[in-house]
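One letter stands for each residue in the lines below.
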Amino acid sequence: MSDIIIETKNLTKQYGEQKSVANLNIHVKKGRIYGLLGRNGAGKTTTMKMLLNLTQPTSGEVVIFGKNIQGNEKKILPRIGSLIEAPGFYPNLTGTENLSIFARLRGVSKRDAISSALEVVGLPYGDKKLFSQYSLGMKQRLAIALAIMHDPELLILDEPINGLDPIGIAEVRSFIRELCDARGKTILISSHILSEIALLVDDIGIIDHGVLLEEKSLAELEEKNSKYVHFIVSDMAQAARIIEQNFGTKNYTVEDDHSLRLYDVSLPVTALNRAFIENGLEVAEAHTCEDTLEDYFKRVTGGEGIA
Amino acid sequence: MLSIIKTEFEKLKRLHILLIGLIGMAFPAILSVFTQAVVTEEGKVQNFDFAALFNSSIWNSVTIFMPVIFTLIGGYLINREYTDNTLKSILPVPVTFRRLLFGKLLAIGLLSVVFGFYCYIITVLVGYLSGVPDLSVAVLVKSLWQMVGIAACTYIAVLPIIAFTSKRPGAFMGGVIVSFITGYSGMFIKNVVGRSLYPILAGFTVIGFDTKTFMNTNEPANLMLSSLSLVVMLLLTIMIVMLTNLPQATSKNQKHKKSNIFLRPGQRSR
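So the protein sequences, as listed, match chains A and B.
To convert, note that position 37 of the first sequence is 43 in my numbering; the numbers rise steadily by one, no gaps.
To convert, note that position 99 of the second sequence is 196 in my numbering; the numbers rise steadily by one, no gaps.
Listed next, the in silico SDA-like pairs over lysine to any residue satisfying Cα-Cα at most 20 Å (straight line):
#  : chain 1 : residue 1 : chain 2 : residue 2
1  : A       : Lys81     : B       : Phe194
2  : B       : Lys110    : A       : Asn98
3  : A       : Lys116    : B       : Val190
4  : B       : Lys185    : A       : Glu91
5  : A       : Lys135    : B       : Leu109
6  : A       : Lys116    : B       : Lys103
7  : B       : Lys185    : A       : Pro158
8  : B       : Lys185    : A       : Asn78
9  : A       : Lys81     : B       : Arg196
10 : A       : Lys80     : B       : Arg195
11 : B       : Lys185    : A       : Phe137
12 : A       : Lys145    : B       : Thr180
13 : A       : Lys134    : B       : His113
14 : B       : Lys103    : A       : Ala119
15 : A       : Lys80     : A       : Leu111
16 : A       : Lys134    : B       : Leu109
17 : A       : Lys116    : B       : Ser100
18 : B       : Lys185    : A       : Glu103
19 : A       : Lys233    : A       : Ala277
20 : A       : Lys80     : B       : Pro191
21 : A       : Lys135    : B       : Lys110
22 : B       : Lys185    : A       : Leu111
23 : A       : Lys135    : B       : Asp181
24 : B       : Lys110    : A       : Asp133
25 : A       : Lys134    : B       : Leu112
26 : B       : Lys110    : A       : Thr102
27 : A       : Lys80     : B       : Leu184
28 : B       : Lys103    : A       : Ser106
29 : A       : Lys81     : B       : Pro191
30 : A       : Lys81     : B       : Val190
31 : B       : Lys110    : A       : Glu103
32 : A       : Lys80     : A       : Asp157
33 : A       : Lys15     : A       : Glu221
34 : A       : Lys73     : B       : Pro191
35 : A       : Lys36     : A       : Cys186
36 : B       : Lys185    : A       : Gly77
37 : A       : Lys134    : B       : Arg111
38 : B       : Lys103    : A       : Asn98
39 : B       : Lys185    : A       : Ala92
40 : A       : Lys134    : B       : Phe106
Keep in mind the hints are simulated off the structure, nothing from the lab.
Based on the provided sequences and hints, a complete structural model is requested.
What follows is the structure, encoded as structure tokens:
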């Protein structure tokens with residue numbers, strides 16, 4: 007069997023004149039966490055809806071578990087757990103009652119499936135609290151419980167950490183990682199919280215205006231990310247002259263009157279530091295930096311719209 | 098399909114719309130006794146016994162209450178899947194929208210029969226408490242069949258309205274108005290063919306209800322035509338559901354979030 011669990015082939019969704027998703031080709035590998043990264047409105051949710059057959063593509067194909075989703079829904083969808091946008095449950099029922107309804111519809115036979123799923127997300131089983139009284143974080147946890155309740159092979163999670171507090175985010179991150187590492191689940195996750203994606207995923211797809219700009223493993227991205235030495239000195243112009251004359255490189259950029267980035271990381275920082283001091287410069291900071299996922303995202307998407 | 102029907106009943110728990118149904122379905126009996134008490138001597142039913150009370154309650158149910166309540170509750174139960182945003186959790190099960198709709202319509206049909214039975218119990222209670230005479234086993238048995246039967250027939254009569262309005266979120270309130278007009282208009286149809294074919298009135302013929310007191314007509318309606326009318330309603334409903342597709346958004350939904358990448362303060366300053 008192929009190593010690719012989800013593959014889209016020129017997947018396109020058009021609303022009137024506007025293309026929400028354009029010729030998207032993503033590849034989610036078995037047993038890995040794939041992060042679909044993009045701004046709000048980039049096309050992440052539309053893509054996920056097409057993967058789950060909730061929205062029909064204008065053109066292109068969705069292949070999951072080696073089969074086209076069209077015509078194979080009954081075979082494919084029971085093997086998927088999903089969370090799309092805000093959680094949708096019945097407000098007049100408790101969390102357990104809500105899960106019980108979906109367990110019946112899914113034909114879940116395991117007796118403790120509901121309590122186990124609730125335990126994973128840290129919600130009580132048999133609690134009397136109605137869904138309408140849940141906080142946003144509790145709603146999100148219940149939606150994750152619904153996604154994992156039937157022990158699916160593939161999870162499609164659209165912004166699963168929305169509304170969670172920092173501890174909740176760490177917990178969810180931890181059990182998503184555990185689902186992948188210990189139970190071999192394949193996970194497609196979308197988020198606009200870059201730091202969380204960076205901590206969680208194995209592979210990344212960057213989507214912007216419906217177009218997939220990059221698809222790489224996190225390791226490849228880290229290799230591609232530029233490293234540099236960041237100096238904050240009393241006189242940037244003189245520091246630049248010293249670098250050029252004493253060390254023979256112009257591979258640096260000036261940030262302002264006091265700071266510069268030296269991209270030639272092969273030069274010894276101690277020697278540079280000594281040269282600056284011997285020439286009467288004060289060195290406030292000198293440290294090696296690496297581009298973050300955020301920097302990379304900005305570079306790939308042009309940086310527009312970053313908060 | 099059985100699992101869908103079962104879950105539909107589970108979803109009814111603590112649902113306030115059912116209270117409207119329970120209150121509404123108590124009115125036919127109350128209205129019958131009240132009308133008998135306040136109407137002029139000429140308008141009064143001469144021998145207002147339990148049989149007459151049941152007849153009056155059935156007539157009020159069909160022409161006013163049942164079409165409205167069945168369409169309201171049925172429409173609401175379908176519409177809430179849109180408003181509670183639960184379709185995105187049900188469809189990937191997978192349960193197709195058509196299958197869900199069939200399951201819902203069957204469950205609402207069973208609920209309508211339960212409402213018919215409830216109306217029957219209320220009629221017995223109201224009659225007993227207001228001192229209506231001549232309660233016999235024969236009357237109880239016949240009235241039970243008629244009340245439950247008319248609930249099922251009236252539901253079938255309004256089924257196409259419920260099915261049609263389920264195609265669009267929020268359209269069910271329009272269906273309630275149409276059902277009210279349909280039910281109320283039935284009172285003015287006097288000729289035999291009209292009474293036989295008009296879906297709301299067809300139920301009267303099927304359950305063997307004597308409309309003479311209420312419509313001033315002596316000629317009985319045609320059972321065959323009435324049965325055919327209800328079968329046509331069922332077929333029409335099946336056709337509507339088979340032609341129903343889940344409404345697809347014509348424009349991209351706008352999320353009510355900032356259209357920005359969220360960065361923590363620490364990240365922003367870096």
